[in-house]
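Number of protein chains: 2
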Amino acid sequence: MADVKNQPPRLTSKGQATRARILGVAADLILKRGVVGTQIDDVRRAAEVSGSQMTHYFKDKRALVKDVIAWQAQATLDNHTQPELGHLDSFASLRLWAHLVTERQKQVGLEGGCQFGSLAGQLVESDAETRADLAAGFERWLELFRKGLLAMRDRGDLRREADPEALAYALLGALQGGMLLAQTLRRIEPLRDALDAAVTHVESFAADTADAADVV
Amino acid sequence: MADVKNQPPRLTSKGQATRARILGVAADLILKRGVVGTQIDDVRRAAEVSGSQMTHYFKDKRALVKDVIAWQAQATLDNHTQPELGHLDSFASLRLWAHLVTERQKQVGLEGGCQFGSLAGQLVESDAETRADLAAGFERWLELFRKGLLAMRDRGDLRREADPEALAYALLGALQGGMLLAQTLRRIEPLRDALDAAVTHVESFAADTADAADVV
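Each protein sequence line maps, in turn, to chains F and H. Counting from 100, one number per residue, gives the positions in the first sequence under the numbering used here. Counting from 100, one number per residue, gives the positions in the second sequence under the numbering used here.
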């Protein structure tokens, strides 16, 4: 993840904190009002920084939006690389992942949905460069799943015909769609059940080591 | 679907066409610029109608947004109630549904995603009333799947333990999440594979009529 130029190395820790505060405020405003409805001056006021501070961290609105996307993508990936989840390379860790995602949404009262997914939904049709930034975020996230699933197949936990790419799409798709439904309907079941279906689908490719004759 | 006050009965067919044109233009602008970034006057100009015409059809921006949501929900439901899909109450019709959804996205060059889902993503956190309007749209859509799946279970196509509610969430979740990924990554596989996983999951509950002893 060293390829993401998300934290300019020259910033002091205080500078990094200020930059992070501005990004958080900007993400929040964009999610509520859209990019067109969010002016850089609104962000500046809400983050309580001066105009020269804003310019110091973000040369213009485009740069701010780009950094909000990268920052949100990183925060989402950090959520998925907690020690308890390991490398998402076992049936147990995928079940735990689904459980933690669901519990976290309950804790926030089902508001906000997946922050990165919401940003993507807001911004995907705004311009080609922004779409490419969002795509890069999803690619990194998909890569986490792909790598874990590939390890499971190499290890023999998954049968040979399991397609790590296709299963990664199913898992992240269920998360994104389940989040949107849960967020809109303000109940947890759509997220819980969509994730359960996707993880159960992955489990259906489990190698039957107990009875190898059943494995095609 | 007679409960949706989507087409005021007093409009002439010309009036209905004008109203539909305004709604289409408004939906498009909202998806591109967000609600805050879309002024009623932008919609009026883009739809090439007069101010008095706008006021005749939509008393204010809130009314316009509400009607855009209901109109888009109806359009989405219409797409799902084509004769070829039947009542989405067989394994074959669910497979066909997944195929048609995927083909349609290919045809539009993966742009725009699911129009209703995109609207939901844009507007869900804007205010409680708008969220409720969006939820009503999703509920009607989920009801289509639930009814079809329930019929399949009653008929004995699905085993008793199949949960039509949970499977409906899995299908619509896969559609919404797969759409967002395909739209952002500009490739069809995420949608195709997420839908395939969800439909395969439904199929895993197929009653084994050939060998009833295997059914729990």
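Check the hints yourself; a few may be wrong.
Since copy identity is lost for identical chains, a pair holds within one copy or between any two.
[What the hints assert, rightly or not] In the DMTMM-like style, the derived pairs of lysine to aspartate or glutamate whose C-alpha atoms are separated by at most 20 Å in a straight line are:
id	residue 1	residue 2
1	K246	E288
2	K158	D141
3	K246	D127
4	K113	E202
5	K205	E224
6	K160	D177
7	K205	E302
8	K158	D253
9	K165	E264
10	K160	D226
11	K165	D177
The hints are simulated quantities; they were obtained by calculation from the structure and are not laboratory data.
Enumerated hints in conflict with the structure, sorted upward: Of the numbered hints, 3, 4, 6, 7, 8, 9 do not hold.
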